[in-house]
Amino acid sequence: MTATSSAALPEAIGPAAAPRRWGAPLWVGFLLIVLAFLVIYPLLMLLFGALSDSNPVVDGFGKFNPSLEHFINVLGNENVHYAFFNALAACGGGTLLAVAIGLAFSWIVVRTNTPFKRFIAGASMIPLFVPPLVAGVAWSILGSPKTGLINTVFKWIGIDFRIDFYSLSGLIVVFGIYYAPYVYMFTASALQNMDPSLEEASEVSGASALTTIFTVTFPLIAPAILAGSLLSFVVMLGIYGVPAALGAPANISVLTTYIFKLTAWAPPLYNTAAAVAILLMMVTAILVWAQQRVLSGKSYATVAGKAFRPRALNLGPWRWFTFGLAVVYLFVVVVLPTLALIIAAFRKFLFIKNFDALFDMKAYGLSHFNSVFDNPLTMLSIWNTLKVGVITALIGGVLAFAIGYTVYRTQVAGRRSIDLLSTIPVAIPGLVVGVAYLWAWIGLPGGLYGTIWILALAFVARFIPDTVKALSTSFMQIHRELEEAAWICGRGLLGTIATIMLPLARPGLVASMTLLFVLAVRELGSSLFLYTSDTTVMAVLLLDYYEGGNVGKTAAFSLVQTLILAVLLGMTNWLSRGAAQSSARVG
Amino acid sequence: MKRRTMMAGLAGAAASWTLPAAAQDEFGSKELIAAAEKEGSLTYYTANFAEVEQEVIKAFNKRFPKIKVSMVRAPGGQLITRIKTEAAAGKLAADVVDHSDRGLMNSLSDLFQDYTPPNASDYRPDALVSPKLWPGVTLGWAIAYNTQLVKNAPKTWMDLTKPEYKDKQIGQVVGPSGGTTWTRIMFERQVLGEDYWKKQAAVGPALYPSGAPLSDALVRGEVSIAPLLYNIIYTKIVDGAPAEAIFAPEGVPIIPYADGITKTSKSPNASRLFMNWRLSKEGQAFAIKNLGNITSMKEPPAFPKGWDPKAIKVWVPKFDEFEKLRAPWLEEWNKTYGYRQ
Chain A
1 MTATSSAALP EAIGPAAAPR RWGAPLWVGF LLIVLAFLVI YPLLMLLFGA LSDSNPVVDG
61 FGKFNPSLEH FINVLGNENV HYAFFNALAA CGGGTLLAVA IGLAFSWIVV RTNTPFKRFI
121 AGASMIPLFV PPLVAGVAWS ILGSPKTGLI NTVFKWIGID FRIDFYSLSG LIVVFGIYYA
181 PYVYMFTASA LQNMDPSLEE ASEVSGASAL TTIFTVTFPL IAPAILAGSL LSFVVMLGIY
241 GVPAALGAPA NISVLTTYIF KLTAWAPPLY NTAAAVAILL MMVTAILVWA QQRVLSGKSY
301 ATVAGKAFRP RALNLGPWRW FTFGLAVVYL FVVVVLPTLA LIIAAFRKFL FIKNFDALFD
361 MKAYGLSHFN SVFDNPLTML SIWNTLKVGV ITALIGGVLA FAIGYTVYRT QVAGRRSIDL
421 LSTIPVAIPG LVVGVAYLWA WIGLPGGLYG TIWILALAFV ARFIPDTVKA LSTSFMQIHR
481 ELEEAAWICG RGLLGTIATI MLPLARPGLV ASMTLLFVLA VRELGSSLFL YTSDTTVMAV
541 LLLDYYEGGN VGKTAAFSLV QTLILAVLLG MTNWLSRGAA QSSARVG
Chain B
1001 MKRRTMMAGL AGAAASWTLP AAAQDEFGSK ELIAAAEKEG SLTYYTANFA EVEQEVIKAF
1061 NKRFPKIKVS MVRAPGGQLI TRIKTEAAAG KLAADVVDHS DRGLMNSLSD LFQDYTPPNA
1121 SDYRPDALVS PKLWPGVTLG WAIAYNTQLV KNAPKTWMDL TKPEYKDKQI GQVVGPSGGT
1181 TWTRIMFERQ VLGEDYWKKQ AAVGPALYPS GAPLSDALVR GEVSIAPLLY NIIYTKIVDG
1241 APAEAIFAPE GVPIIPYADG ITKTSKSPNA SRLFMNWRLS KEGQAFAIKN LGNITSMKEP
1301 PAFPKGWDPK AIKVWVPKFD EFEKLRAPWL EEWNKTYGYR Q
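In order, the protein sequence lines correspond to chains A and B. Positions 1 to 587 (my numbering) are the ones given, in order, by the first sequence. Positions 1001 to 1341 (my numbering) are the ones given, in order, by the second sequence.
Since the hints were derived computationally from the structure, they do not count as laboratory data. Just to be clear, a hint being listed does not mean it is correct.
Stated by the list, open to error - Only pairs whose alpha carbons sit at most 30 Å apart, straight line, appear in this in silico BS3-like list of lysine-lysine: (1) Lys1310/B - Lys146/A; (2) Lys1058/B - Lys348/A; (3) Lys1266/B - Lys1305/B; (4) Lys1199/B - Lys1168/B; (5) Lys1266/B - Lys1066/B; (6) Lys1289/B - Lys362/A; (7) Lys146/A - Lys1198/B; (8) Lys1166/B - Lys155/A; (9) Lys348/A - Lys1155/B; (10) Lys1151/B - Lys362/A; (11) Lys1091/B - Lys387/A; (12) Lys353/A - Lys1062/B; (13) Lys146/A - Lys1335/B; (14) Lys146/A - Lys1199/B; (15) Lys1068/B - Lys387/A; (16) Lys1266/B - Lys348/A; (17) Lys1318/B - Lys348/A; (18) Lys146/A - Lys1151/B; (19) Lys146/A - Lys1168/B; (20) Lys353/A - Lys1166/B; (21) Lys146/A - Lys1166/B; (22) Lys1058/B - Lys387/A; (23) Lys353/A - Lys1066/B; (24) Lys348/A - Lys1168/B; (25) Lys1155/B - Lys146/A; (26) Lys1038/B - Lys348/A; (27) Lys348/A - Lys1151/B.
Starting from the given sequences, assemble the full structure and let the hints guide the process.
Written as structure tokens, this is what we have:
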């Protein structure tokens, strides 16, 4: 498993090495310029805002009077402390739950002979398509202490117990079940690509299946587990919709809802919001640093040049138990909220006096769908969203591949800076980054502002970290010896990428572009500042419906959005599977 | 389906308003109308609810079908930031801006051109903060309740301090949520008494970040009673929701918006015509009857349901106090209601 000395390789490559000598710095420089434009420039605007009272576009840089006042106020404000503590508790608890669920699921799907695995794998990704606001609304319909459907059912059965999702534990549960797919994505591909001979060795040495899982399997995919939990934690930190719907009624604020208040109220306190955002970024920076410390100096390469077949553990009759677990999870995370949304979307009003009222068919109708499709903005927003999503996925996918390859597969100077720059945006909450993009890019020459391209640019920038990290596990797992083999056979760098890296990393690339597409479709914070009447997107319209106080229309429109996403993702999945099969035949 | 019937009703109402030719001057001269139709479009920035404003645009288009109105909607604070930034970059796309916060709009008055509607003298002077900005929208506070849950409905603001409504039966929008709520809590303290907040907080209301989710919570039965802007609950009542709303005899706090036409407008004539129509008797009557608005006109062209003009007085905050008292009073409000801002 140890890598052959790669230091000797550049000489060995001979002719191919010459252009790379000046090519590498040029390439790194190019990537750094792109990232500076996408990340550093808006970030400077944000810092500028946090350190002053002015709007850089309105007042110009001339009026910049730096002061730490906002930071000092924010750090001394007990409401910020309270929101900070809540955010850490909700996201920390949520992450633990997400890791437990995601890991269990990836193991069930990849490593066992549980029945209907493909179906489980597909269905367990559904929470990812659901915008957080919709998840929050669905769970408030289900889990409200007073009117929640679950409590209505309990009452009907005669159970005295009442659940209350308007609480910190409610937030943790919803975060945990909705962000488990992040962990799943990372760990499933790692398990898939892992050489089972390591586990076989453990079992031959007499270890039980359970011991093998905890001493060999999980430690080997530790980078994937860590990356998945870090990403899900940080993403949770930036989520607005769930705590807005579930935390607000119980007066539980987290950092994002606090920031939203600062930006939405009149007068808006962007400069304070920027200071809170920078606080959030510091937390993330510490976590990323800790992750790198833990992983540094260890090799996790498990995909080597040797052929293997991922093996499935025969669970015997226990396979019905794992199947049952999967069904329960899917019921809780897919069926229940969808049912809640369907009831909300088709019911004229969500006043449900008792369980029997739920079946009063007179209370149902298509009125919410009619009014959603009466709205001329609906079709426009769907069309715009699809365009922006595709552009974002294509540009972002290419950029993430370039960054990922440079960071994880080369030794060029400057790759650490690239890694750092491409990780930063994950830490900036969308609502604040939106205004940073507006400040940064409105003055650009040409007609960028007011087109869908500026939205796509913002989404690419905002989701570079998610895309690169989703790709990184694919890159980290491909052993150098495969590339080295191509070099030795006389392939140049680009040839190696085209014949080795691209095909091997393709499942990861397709997955991360799909993720990017989904994230772009859902993204609200940065859209709100950059859309115009011609470029309105679905997320903005969804917020309009929610803010307009109409759960019925919000639910109807989210069902429409979910359906569109499901159809598109099904198509992508089918296409990529077809492509994979044809390339497998060629190979 | 109800909504469609409502819209059909609107079309009928609009047709019946067709005025004699001379009265067309209510909206502007022939020349203005011709120039506006030649421009053919305008961009409208609003902080009001998108759906509500779409109804306004539809009604405007019934009278002036040749003028296309494109709308951009964002929450109040975010809309202001966007306007400021766009204007500074020389890319302000708005022709007309509609905003509830008179103070913030007043501070941006340099961005707006001189404008006076033909019926300027019909408006209450205390609803105006700048000669350039006009209350195209005026909203008012009502007390709403869920008819299925409340046996003994409140009739006055003072009723909301009664112990029988304790333990989160009442929902409240938090004080710092914006200019509209600030107007209401200022009214409570200045008109209903220094200790009104304390008495009301003692009942233990549930706190909501803004009015629209609260109106939804009321319909769902999460809360039974809530002070709400009438327009938020009105369309739901019309559609058949289990809710009702009353105007209290102690007074109805109203919020006149501040709307203006930008200096950089590329369709100044269409914008004028749009503003003229919204501020006209026809535009205001439409908003009162169909959207649940109130009006800042001295003599309202229509009244909301259950509004007795002899018994109910509107209450407009004094603008200087509105600005000056805001920060210290909100801090006290937060303390009284135990709200963490």
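Checked hints:
{"no.": "1", "hint": "Lys1310/B - Lys146/A", "verdict": "40 Å, violated"}
{"no.": "2", "hint": "Lys1058/B - Lys348/A", "verdict": "24 Å, holds"}
{"no.": "3", "hint": "Lys1266/B - Lys1305/B", "verdict": "40 Å, violated"}
{"no.": "4", "hint": "Lys1199/B - Lys1168/B", "verdict": "14 Å, holds"}
{"no.": "5", "hint": "Lys1266/B - Lys1066/B", "verdict": "16 Å, holds"}
{"no.": "6", "hint": "Lys1289/B - Lys362/A", "verdict": "28 Å, holds"}
{"no.": "7", "hint": "Lys146/A - Lys1198/B", "verdict": "26 Å, holds"}
{"no.": "8", "hint": "Lys1166/B - Lys155/A", "verdict": "23 Å, holds"}
{"no.": "9", "hint": "Lys348/A - Lys1155/B", "verdict": "28 Å, holds"}
{"no.": "10", "hint": "Lys1151/B - Lys362/A", "verdict": "24 Å, holds"}
{"no.": "11", "hint": "Lys1091/B - Lys387/A", "verdict": "24 Å, holds"}
{"no.": "12", "hint": "Lys353/A - Lys1062/B", "verdict": "41 Å, violated"}
{"no.": "13", "hint": "Lys146/A - Lys1335/B", "verdict": "26 Å, holds"}
{"no.": "14", "hint": "Lys146/A - Lys1199/B", "verdict": "25 Å, holds"}
{"no.": "15", "hint": "Lys1068/B - Lys387/A", "verdict": "24 Å, holds"}
{"no.": "16", "hint": "Lys1266/B - Lys348/A", "verdict": "42 Å, violated"}
{"no.": "17", "hint": "Lys1318/B - Lys348/A", "verdict": "41 Å, violated"}
{"no.": "18", "hint": "Lys146/A - Lys1151/B", "verdict": "18 Å, holds"}
{"no.": "19", "hint": "Lys146/A - Lys1168/B", "verdict": "10 Å, holds"}
{"no.": "20", "hint": "Lys353/A - Lys1166/B", "verdict": "21 Å, holds"}
{"no.": "21", "hint": "Lys146/A - Lys1166/B", "verdict": "15 Å, holds"}
{"no.": "22", "hint": "Lys1058/B - Lys387/A", "verdict": "28 Å, holds"}
{"no.": "23", "hint": "Lys353/A - Lys1066/B", "verdict": "48 Å, violated"}
{"no.": "24", "hint": "Lys348/A - Lys1168/B", "verdict": "25 Å, holds"}
{"no.": "25", "hint": "Lys1155/B - Lys146/A", "verdict": "25 Å, holds"}
{"no.": "26", "hint": "Lys1038/B - Lys348/A", "verdict": "42 Å, violated"}
{"no.": "27", "hint": "Lys348/A - Lys1151/B", "verdict": "23 Å, holds"}
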